[in-house]
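2 protein chains.
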Amino acid sequence: MYKVKVGKKILSLNEEYAAKNRRFLAGHNKPCLNMISSPGSGKTAILARTITELKGRIRIGVIEGDIQTELDAERIRATGAPAVQINTAGACHLTAVQVAEALKKLPIDELDLIFIENVGNLVCPSTFELGETAKIAVLSVPEGDDKPAKYPAIFARAKALLINKVDLLEAVDFDIERAKADVLKLNRDIRIFAVSAKTGQGFAEWSNWLLELTGK
Amino acid sequence: MYKVKVGKKILSLNEEYAAKNRRFLAGHNKPCLNMISSPGSGKTAILARTITELKGRIRIGVIEGDIQTELDAERIRATGAPAVQINTAGACHLTAVQVAEALKKLPIDELDLIFIENVGNLVCPSTFELGETAKIAVLSVPEGDDKPAKYPAIFARAKALLINKVDLLEAVDFDIERAKADVLKLNRDIRIFAVSAKTGQGFAEWSNWLLELTGK
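Chains as they are written, first to last, in the working numbering: chain L, 4 to 219; chain F, 4 to 219.
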């Protein structure tokens with residue numbers, strides 16, 4: 004019996020494309036943030052406000068992931084930013100192959116920063132690398148302060164967390180200190196921003212962080 | 004070359020156990036509802052209120068699915084109802100095998116109705132049969148009225164939809180007529196209940212529907 008030594012880790016198709024996307028983004032020197040959250044936590048609203056607040060300072064492009072519809076890409080385009088919609092037709096997370104295709108459709112040289120808005124799902128997208136520079140988690144106040152303990156994967160992996168809809172803190176039971184403490188137990192290096200995409204609260208700090216990230 | 008005819012559909016392990024659960028529930032004449040929604044839409048709060056409102060009329064048992072923690076089962080037990088917690092340790096939906104194990108731990112003969120609270124995920128649990136009598140979808144107002152169009156699978160398959168947190172209708176932009184119309188386009192037989200697990204609004208209609216379902 005012959006033994007064949009294979010001196011190379013065999014990568015899955017997703018990992019191969021994630022590596023390809025990472026090289027593409029590094030080659031163009033463009034940071035890329037993969038936003039992950041439950042459906043309805045406000046990812047698109049955060050992106051629309053971020054683009055508007057940073058207009059003239061950072062040029063942002065967006066890759067939108069949804070099971071169906073072009074609704075989110077349309078909301079982004081209404082801000083004037085380029086957006087490419089991916090429809091997963093039932094799949095619960097974006098793949099690196101889909102992102103590779105979408106990256107080709109963005110005017111990459113005219114951008115400073117790329118956001119990927121993943122399919123609304125607090126679980127599955129956390130473990131599929133897309134070639135992003137970093138993951139950003141979003142948790143909205145009405146979802147409850149117990150979510151980091153119950154769904155730790157994304158909070159453990161994200162570089163930053165946006166606690167969104169803080170304008171609803173009065174209307175619902177949400178202990179923001181408990182949520183922060185649970186997240187920091189999972190990930191002590193994470194940056195946490197308490198924001199409201201509706202009122203603009205907290206967007207100054209978040210925008211500054213993005214300015215630093217892009218070297219602007 | 005011999006041809007072997009296999010006159011039986013080969014079922015996946017999940018389908019096999021789903022069929023087994025279905026026979027078990029039918030044999031005991033117990034309806035079983037599989038609740039599916041995004042994280043934080045209020046499934047546990049709805050269950051706790053439902054159990055309390057129906058106390059003395061319907062005896063309810065609950066199977067709780069979460070990635071981690073026993074938090075939800077503890078909230079159910081605080082109402083006096085039996086609850087079995089399943090931790091999926093990362094998996095994004097419950098399986099029929101897990102439910103088969105949990106069913107053994109419930110005092111089935113003392114119950115009139117079993118709820119399964121699936122992992123908070125609007126996508127993946129929709130396509131995994133657990134042997135349930137019917138699926139129940141929950142959509143909470145802060146998630147946004149565009150969710151049925153963007154995540155159609157569960158809305159197309161559910162027997163009933165609870166639109167929860169209607170107490171927040173004033174605080175957020177949510178067009179309840181749009182949400183209902185989009186759901187009815189996907190599923191014209193679905194029953195829709197507008198409720199608030201916080202204030203109790205809409206629970207009379209929902210409770211009546213459960214009384215009918217259990218023949219009480």
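Where hints are given, some of them may not hold.
Copies of the same chain are indistinguishable here, so a pair counts whether it falls within one copy or spans any two.
Derived pair list, reagent style DSSO-like, types lysine-lysine, alpha-carbon separation capped at 30 angstroms [as the list claims (entries may be wrong)]: (1) K188 <-> K23; (2) K107 <-> K153; (3) K183 <-> K201; (4) K153 <-> K201; (5) K33 <-> K201; (6) K23 <-> K183.
Hints in this document: simulated from the structure, not taken from any laboratory.
This one's a predicted model, so the numbers in the text were calculated from it and none came from an experiment.
Check K188 against K23 for me: Cα-Cα at most 30 angstroms, and say if that holds within a copy, between copies, both or neither. For K188 and K23, the Cα distance exceeds 30 angstroms both inside one copy (33 angstroms) and across copies (41 angstroms).
Checking an output row: K153 and K201, CA cutoff 30 angstroms. Within, between, both or neither? For K153 and K201, both the intra-copy (27 angstroms) and inter-copy (21 angstroms) Cα distances are at most 30 angstroms.
Within a copy, between copies, both or neither: which one fits K183 and K201 at a CA-CA cutoff of 30 angstroms? both (21 angstroms within a copy, 24 angstroms between copies)
Intra- versus inter-copy proximity for K153 and K107 (alpha-carbon distance at most 30 angstroms): Classified as between: cross-chain Cα gap 24 angstroms, same-chain 37 angstroms, threshold 30 angstroms.
Up to 30 angstroms between alpha-carbons, please classify K23 paired with K183: within, between, both or neither. Cα proximity of K23 and K183: none, with 34 angstroms in one copy and 43 angstroms across.
Checking K33 and K201: alpha-carbon separation at most 30 angstroms within a copy, between copies, both or neither? Answer is within; shortest intra-copy Cα gap is 28 angstroms, inter-copy 45 angstroms.
In summary, the structure is inconsistent with hints 1 and 6 from the numbered list given earlier, while agreeing with the others.
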